[in-house]
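Novice: So the chains spell out like this:
Number of protein chains: 4
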Amino acid sequence: MTISVIGASTCDKETYAVAEEVGRLIAERGATLVTGGLGGVMEAACRGAKETGGTTVGILPGTGKADANPFVDIPIITGMSHARNIIVVRSSDGVIAVGGEYGTLSEIAIALKLGKPVVGIKTWENITGIVKADTAVEAVRKVFELLMSS
Amino acid sequence: MTISVIGASTCDKETYAVAEEVGRLIAERGATLVTGGLGGVMEAACRGAKETGGTTVGILPGTGKADANPFVDIPIITGMSHARNIIVVRSSDGVIAVGGEYGTLSEIAIALKLGKPVVGIKTWENITGIVKADTAVEAVRKVFELLMSS
Amino acid sequence: MTISVIGASTCDKETYAVAEEVGRLIAERGATLVTGGLGGVMEAACRGAKETGGTTVGILPGTGKADANPFVDIPIITGMSHARNIIVVRSSDGVIAVGGEYGTLSEIAIALKLGKPVVGIKTWENITGIVKADTAVEAVRKVFELLMSS
Amino acid sequence: MTISVIGASTCDKETYAVAEEVGRLIAERGATLVTGGLGGVMEAACRGAKETGGTTVGILPGTGKADANPFVDIPIITGMSHARNIIVVRSSDGVIAVGGEYGTLSEIAIALKLGKPVVGIKTWENITGIVKADTAVEAVRKVFELLMSS
Chain A
2 MTISVIGAST
12 CDKETYAVAE
22 EVGRLIAERG
32 ATLVTGGLGG
42 VMEAACRGAK
52 ETGGTTVGIL
62 PGTGKADANP
72 FVDIPIITGM
82 SHARNIIVVR
92 SSDGVIAVGG
102 EYGTLSEIAI
112 ALKLGKPVVG
122 IKTWENITGI
132 VKADTAVEAV
142 RKVFELLMSS
Chain B
2 MTISVIGAST
12 CDKETYAVAE
22 EVGRLIAERG
32 ATLVTGGLGG
42 VMEAACRGAK
52 ETGGTTVGIL
62 PGTGKADANP
72 FVDIPIITGM
82 SHARNIIVVR
92 SSDGVIAVGG
102 EYGTLSEIAI
112 ALKLGKPVVG
122 IKTWENITGI
132 VKADTAVEAV
142 RKVFELLMSS
Chain C
2 MTISVIGAST
12 CDKETYAVAE
22 EVGRLIAERG
32 ATLVTGGLGG
42 VMEAACRGAK
52 ETGGTTVGIL
62 PGTGKADANP
72 FVDIPIITGM
82 SHARNIIVVR
92 SSDGVIAVGG
102 EYGTLSEIAI
112 ALKLGKPVVG
122 IKTWENITGI
132 VKADTAVEAV
142 RKVFELLMSS
Chain D
2 MTISVIGAST
12 CDKETYAVAE
22 EVGRLIAERG
32 ATLVTGGLGG
42 VMEAACRGAK
52 ETGGTTVGIL
62 PGTGKADANP
72 FVDIPIITGM
82 SHARNIIVVR
92 SSDGVIAVGG
102 EYGTLSEIAI
112 ALKLGKPVVG
122 IKTWENITGI
132 VKADTAVEAV
142 RKVFELLMSS
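Those protein sequences? They're chains A, B, C and D, same order as listed.
Under the numbering used here, think of the first position of the first sequence as 2, with each following residue one higher.
Under the numbering used here, think of the first position of the second sequence as 2, with each following residue one higher.
Under the numbering used here, think of the first position of the third sequence as 2, with each following residue one higher.
Under the numbering used here, think of the first position of the fourth sequence as 2, with each following residue one higher.
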């Protein structure tokens, strides 16, 4: 099972803490974590996953692995800028959005287009199809429930 | 100047008529029309542009030009599925969304991420950054105003 | 009919003159010219095509149209670096390589993989499948012959 | 360190055995193996790497993970057809080609364009820049020597 955590490349401490817990809980369930490999929410989730020995994949927009946050085990170098967002989503069975701006919205939209479960914490409102969660625990529980029932 | 019209590949008659008028008005202003090259809103806009002798580019997701609607002058074959959405947006100076579902939302999100003007007719609500329009005339007027002032 | 001319983004005067003539001859036959949109061989071919009123498409690797040579009518902005090579090839019915280095070789390889006619002037030797030509006239004649017979 | 093994998706037994040994030797050195994730040479290399507990990444051209060979640990789903070849090459520090046809040639060309070491066993001849090897042992030794000296 592979879960992606999506969100902005810079974020406040509270959002960072939530994303870190999401990453940890994903790894505890034995799933591989996929992110866009950069900072902010992506880094937090990778850091969390590594705390419990999980595997982290970072699908990077640029042309080298120097952009990867230090908690990425497997850097995938696309050189394709925002088009890598689609690879992040395609490569995961379910998606958890933590906060996030327009880039995150593009990933949410593609995930919903592809029929993948999307759980969101403090992310875009009023998008039909996003399952809302208030905490990391709730988000991870819900994404796995959705995957089990699909 | 290049304007893209984005929207679903199937649509009702009313939406088709609006998109056709948008395409016509874009061509009348001498701008090149870019779309995703398929049916529905994309076809309607291309049809409208050709009615007044405009140039139409279709950036296709598949691997052949047979998918292009008959009003595409220049088919671009990406073979990259939804990743072509990003090329549609990047290749245009401004974007007009007519209706649209998740694929359209992904294009709106990328356009806003890239700081491009986005005008929407009966499209996603509650997305900060979309400039609303009620008619084709208003949408085309607004996108050109935004481009002139930027 | 759409023909791409591929080759390096910098080249000597002789190569430039050959590519320019190739572009001119393609446009004279009424075909659309596709290139990677940058300088050197790409610019020369676009310049040639514009001399006889042809239409030129430039499929650019970067994120803006400022990189396009001045003879590109329709700039396509991919933001995908070398992955745009594949779009150049896919979007054309036949390919003419003029000189060229590794980037050109990657395009030749993809074109042959996709079963498209590839004619080469002073390009990679010893690649099965490339049809050799010594002049612009011969190259353009051969690519159209191959397209007619396929 | 990450090494990619590239080659055709179907191959004869002898080529399969060579690719399998290459994969095994890469894993023995502690490097991550990247391939295009399909059958033939890609499968053989992944199988070899798994025999000694290595980690295997498969960067797939299609839209689902069902295409991945059974020895891929981390499937990356691009949905981008041949454009994934570029991601395979970018994501690796060095490349070993085993046999191979036009798709492999496109990957060799991009790797050389990007200045990455390319070692080839029974692959394309007469391409300046490919370092030739006759056996799996020699190929793996050479790619690591090139990486150490660069």
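Where hints are given, some of them may not hold.
[Claimed, not checked] Chain B stretches covered by chain C per the calculated footprint, using a threshold of three residues with CB under 8 Å from any CB of chain C:
id	region
1	40–49
2	57–65
3	71–80
Honestly, the hints are just simulated from the structure, not real lab data.
Glycine residues also receive a C-beta, built at the ideal position from the N, C-alpha and C atoms.
Novice: Decide, hint by hint, whether the structure agrees.
Specialist: Hint-by-hint comparison with the structure:
1. Taking a C-beta to C-beta cut-off of 8 Å, the region 40–49 of chain B contributes 0 residues in contact with chain C, too few for the three needed, and the coverage statement is violated.
2. Coverage of the region 57–65 of chain B by chain C holds in this model, with 3 residues showing a Cβ closer than 8 Å to a Cβ of that chain against a need of three.
3. Here the region 71–80 of chain B counts 6 residues with a CB under 8 Å from a CB of chain C, which clears the bar of 3, and the coverage holds.
Hint 1 from the list above is the single one not met by this structure.
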